[in-house]
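Make the full structure from the sequences, and use the hints.
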Amino acid sequence: MTKENAFLGIDVGSISTKGVIINENNQILSSEYIWTEGSPISAVKRLVGLLEDQFDRGCYQIVGTGTTGSARRLAGVIVGATVVKNEITAHAIGTTTFYPDVRTILEIGGQDSKIILVENGVAVDYAMNTLCAAGTGAFLSSQARRLGIEVDEMGEYALRSGHPTPIAARCTVFAESDLVHKIQMGHPREDIIAGVCRAVASNYLNNVGKGKKITSPVVFQGGVSKNIGVVKAFEDLLHCPILVDENGHLMGAMGAAILAKRSVKRDVFDFSVENTEFVTREASCGRCSNNCEMICVYRNGQLIDSWGNRCERGAVSISKSIAG
Amino acid sequence: MKQSRKIALPRYAEYNCAMKYVVEQGFESKCILPPPLTKRTEELGAKNSPDFVCTPFKTTLGSMIEALEAGADTILMVYGICRLNYFAELQEQILRDLGYQFDFINLSQFNTGKKKDFLRAVKAINPNTNAAKLTKAFAETVRMVEHLDEITGKYYQVCGFDPTRESRLIYRKFLSDMYAAQTLADIEESYRTARRSLAGLPLQKPADPLRVGILGEFYTVMDAFSNLEVEQKLADMGVEVHRWMNVTNSMLRPGGKNHQIQIMERCEYSMGANSTTDIWQAQTFAQMGFDGLIHIKSASCTPETDIMPVLANLSQDYKIPILYLTYDSQTSDVGLMTRLEAYYDMIEIRKKAAV
Amino acid sequence: MDAERKPITVGIPRAMLYYQYGTIWKAFFEALGVKTVLSPPTNREILEEGIRLSVDETCLSAKVFMGHVHALIGKCDYIFIPRYSSFRHDEVFCTRFEGLYDQTRNIFRTSPQRFLSCNIDAKNHQSEGDAFQALGVSLGFSAKESRQAYRQALKKQQAEQKAAVRNQEAAAKKDGLKILIVGHPYLLSDPYLGKPILDFFRESGTILLRADHTNRDRAKTACMEFSPTCRWIMSKELVGGAMLWKDRADGMILLSAFPCGPDSMTNELMTRKLKDIPVLNLVLDAQSGTAGIETRLESFLDIIRFKKGSPV
Chain F
1 MTKENAFLGI
11 DVGSISTKGV
21 IINENNQILS
31 SEYIWTEGSP
41 ISAVKRLVGL
51 LEDQFDRGCY
61 QIVGTGTTGS
71 ARRLAGVIVG
81 ATVVKNEITA
91 HAIGTTTFYP
101 DVRTILEIGG
111 QDSKIILVEN
121 GVAVDYAMNT
131 LCAAGTGAFL
141 SSQARRLGIE
151 VDEMGEYALR
161 SGHPTPIAAR
171 CTVFAESDLV
181 HKIQMGHPRE
191 DIIAGVCRAV
201 ASNYLNNVGK
211 GKKITSPVVF
221 QGGVSKNIGV
231 VKAFEDLLHC
241 PILVDENGHL
251 MGAMGAAILA
261 KRSVKRDVFD
271 FSVENTEFVT
281 REASCGRCSN
291 NCEMICVYRN
301 GQLIDSWGNR
311 CERGAVSISK
321 SIAG
Chain R
1 MKQSRKIALP
11 RYAEYNCAMK
21 YVVEQGFESK
31 CILPPPLTKR
41 TEELGAKNSP
51 DFVCTPFKTT
61 LGSMIEALEA
71 GADTILMVYG
81 ICRLNYFAEL
91 QEQILRDLGY
101 QFDFINLSQF
111 NTGKKKDFLR
121 AVKAINPNTN
131 AAKLTKAFAE
141 TVRMVEHLDE
151 ITGKYYQVCG
161 FDPTRESRLI
171 YRKFLSDMYA
181 AQTLADIEES
191 YRTARRSLAG
201 LPLQKPADPL
211 RVGILGEFYT
221 VMDAFSNLEV
231 EQKLADMGVE
241 VHRWMNVTNS
251 MLRPGGKNHQ
261 IQIMERCEYS
271 MGANSTTDIW
281 QAQTFAQMGF
291 DGLIHIKSAS
301 CTPETDIMPV
311 LANLSQDYKI
321 PILYLTYDSQ
331 TSDVGLMTRL
341 EAYYDMIEIR
351 KKAAV
Chain D
1 MDAERKPITV
11 GIPRAMLYYQ
21 YGTIWKAFFE
31 ALGVKTVLSP
41 PTNREILEEG
51 IRLSVDETCL
61 SAKVFMGHVH
71 ALIGKCDYIF
81 IPRYSSFRHD
91 EVFCTRFEGL
101 YDQTRNIFRT
111 SPQRFLSCNI
121 DAKNHQSEGD
131 AFQALGVSLG
141 FSAKESRQAY
151 RQALKKQQAE
161 QKAAVRNQEA
171 AAKKDGLKIL
181 IVGHPYLLSD
191 PYLGKPILDF
201 FRESGTILLR
211 ADHTNRDRAK
221 TACMEFSPTC
231 RWIMSKELVG
241 GAMLWKDRAD
251 GMILLSAFPC
261 GPDSMTNELM
271 TRKLKDIPVL
281 NLVLDAQSGT
291 AGIETRLESF
301 LDIIRFKKGS
311 PV
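Protein chains in written order, with the working numbering: chain F, 1 to 324; chain R, 1 to 355; chain D, 1 to 312.
Derived from the structure by calculation, the hints contain no laboratory data.
One or more hints might be untrue.
Restricting the straight-line Cα-Cα distance to at most 16 Å, the calculated cross-link-like pairs of lysine to aspartate or glutamate (EDC-like) are [as the list claims (entries may be wrong)]:
{"hint": "1", "chain 1": "R", "residue 1": "Lys319", "chain 2": "F", "residue 2": "Glu119"}
{"hint": "2", "chain 1": "F", "residue 1": "Lys182", "chain 2": "D", "residue 2": "Glu294"}
{"hint": "3", "chain 1": "R", "residue 1": "Lys351", "chain 2": "F", "residue 2": "Glu274"}
{"hint": "4", "chain 1": "F", "residue 1": "Lys213", "chain 2": "R", "residue 2": "Asp317"}
{"hint": "5", "chain 1": "F", "residue 1": "Lys212", "chain 2": "R", "residue 2": "Glu69"}
{"hint": "6", "chain 1": "R", "residue 1": "Lys39", "chain 2": "F", "residue 2": "Glu293"}
{"hint": "7", "chain 1": "R", "residue 1": "Lys114", "chain 2": "D", "residue 2": "Asp90"}
{"hint": "8", "chain 1": "F", "residue 1": "Lys212", "chain 2": "F", "residue 2": "Glu119"}
{"hint": "9", "chain 1": "R", "residue 1": "Lys352", "chain 2": "F", "residue 2": "Glu119"}
Which bits of chain F does chain R cover? Going by a derived footprint, with three or more residues having C-beta under 8 Å, they are [unchecked claim]:
{"hint": "10", "stretch": "117-125"}
{"hint": "11", "stretch": "221-227"}
We put the beta carbon where it would ideally sit given N, CA and C, even for glycine.
Encoded structure:
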């Protein structure tokens, strides 16, 4: 019996690692969402194991693998990806596949936030946060910690508020001092939390969304889209419904899988990474005062890739060490 | 005696070869080249600068420190038409506070553009300057700058389509020749060689490659270190990169009034510094049917921030996507690469969809 | 005025250079019989609207300005945004003022609102007087009427400035702790941005001196000595004013709006060069409001009082 083709997509972000396996019709065969916990390599290995448990190896065979997210390159090396794509493109592709009519994609992740404008299913403009991490998932987590609640609870608290407290959120430092100030002034906790959610949304619109024409339908995704308080804040500020897909967090991985499907490159993926040892080492180039921090990836003790050097001086030393 | 001055100017793109030429051949003084810009330069500058001054201030300050470390005894600093006008005075104060001993020639003192001021500046650099030699050296330096800009422009347009990577060697050789040049003949010969070699390269180029126009703030848009080699990165993705802004176009052949007239509908007056030419470039690239524009500036650059609403309208009118990049000393290579790759994907998919 | 001339109303945003040259503008229009309408004093709503409209990276004052423009939309025939570029080759404006008119027009492109400008650019042979004459002519008045209106307006402005200096002279003669505050008038005089700080000092019983309440010509000369290549006219007046008043003050506050280009440099130079007076740097940021500022002001006063040996 010939097996049907399947495609694996992996999205490794700073906070979470997501993976899906789809068939030719973009149906999800397995999907998983775990924390990166600062170690992309073990996260990818764990993720692959969890995906394998849900996967029917008798019927399907993975013939293309795509990776995306901030650790896309490392993940790509580990799984032997046929496509390595940046997360902006992957999100656009993933989302437009499921929402062909979408016009605006809002995305707020752990460290980054972005906006993608779509016309006729094609991304026509995008922007990403420029300077700092204010208004991203990392900001929400740190504020939740400060307020002594779980980040997952923030949304419910926020919905109970009638008067969100105005919170400064231009940058994390300013926001923190303002938040402390507002707590000391005696604002109720629900109002402060709602204020933080609102600050995230308005900061996003003032920075990433500035000058972009936000047209409905609007899809909101990324880790922060799970926070109902922020969703509500966007609805209030944009005066339109905000769609949040229950699989929204998987869109990057979906996009990576679809890109692997569209690519002509084929390579069977057999889940064997779980038992392979991968190690990364930091190396300082030291050939000039840039002192580039290079990342070298070793598979079972052998150097297979490296990156991080700004010039070709570093590249030479790598090729030598491969030869040696 | 001040004849044995060892003069240094901070690093600025590859123009230090021209500065060296005019100092050595025209002012008959020794020129100290500060080391090429690195992370260390940036960190030295950022550490000693006020927080929210623009990045070029910090980078040039860092380069001055490295020039003094390299043995310079005189720092020469230029001026401009924005905060740059005031860089020199504050930088001198910071360097003095750090305890360095040096002479500082602040050309901003002589900024009226009148002949009298020019002569005072010449005298400050070297009182024994030979007028005939200086005039000749100036003319030759202009040639060098024109050649440098022409070869640089050509290089970035071909290097992405050159499978042998020969163009890199040609460009690098040309640059080192410019830094070593002592006569006009040296300059002209290296220029001709580089031009011929670049033109003779067998290129693998699609009939209709993606074309991207780069514009923005004077220092960061031209200085490859400061913009994290955005042009090279784009070229390596197979993009034909166009940049109008260089010293030749903006200072040796300025077209200010004409540019202002061409953008009159968007912008009635100059919005300061290079805003007029910037908007004009964006409009021209858009009219030429480019696939995208990249606007580059350092954090807190006032004039470049202010033209963003104008560019946003232009982007809507011509349906051309603009990628806005703001650089500060914390901007990372990885973050830039993600943005560029995504931008590339977007304009490529758009182009295919349009066909 | 001619009976057949249609009366027009000009809106003036109560922000930025309004606090520096607003008297001239209003008096000029009044002298010509043109009605003027001011946007309301800055409030939270204006600030928020300004933040929404402006480029994120622009300065707080420019954001506030856009909020004021928004507040005037539809309430007047024209919104007046003069372009201030230069008074002399060595008296120029921050590029933000050169671009403010065109920037605003681009931000409000989809609005039917009409804008009015005049171009003060002496480096390109158009003095303030020329600019206002041209402005009057463009509104249908004669060159002579316009020039006269400008002269009258200028006189009024000068008289007002003189009175401010005189009042401050009188205050400086009184006994008590004196604090010199150096900040652009559009920050200090703004009821939402600077006023809470001024109020704090008033309530704490200190005598407040403002660097901008100075004879502008003397200030320019004083700045020339302290910082010869400073060419921003407004910084010259502030830095020069600070030099002229500092010996009579016990402490100095440098107040700036994030991320003001000229202030980022002149304030650094003053902090570095002035060793004989305690200096406090304060930076106002959009949204941050006055959170935490009060604490900093209080401790600054305490330090000064402690140094002077007066009771804390």
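Against the structure, the hints come out as follows:
no. : hint                 : verdict
1   : R:Lys319 to F:Glu119 : holds (11 Å)
2   : F:Lys182 to D:Glu294 : holds (14 Å)
3   : R:Lys351 to F:Glu274 : violated (40 Å)
4   : F:Lys213 to R:Asp317 : holds (13 Å)
5   : F:Lys212 to R:Glu69  : violated (47 Å)
6   : R:Lys39 to F:Glu293  : holds (11 Å)
7   : R:Lys114 to D:Asp90  : holds (13 Å)
8   : F:Lys212 to F:Glu119 : holds (13 Å)
9   : R:Lys352 to F:Glu119 : holds (14 Å)
10  : 117-125              : holds (count 5)
11  : 221-227              : violated (count 0)
Violated hints for the displayed structure, listed by number in ascending order: 3, 5, 11.
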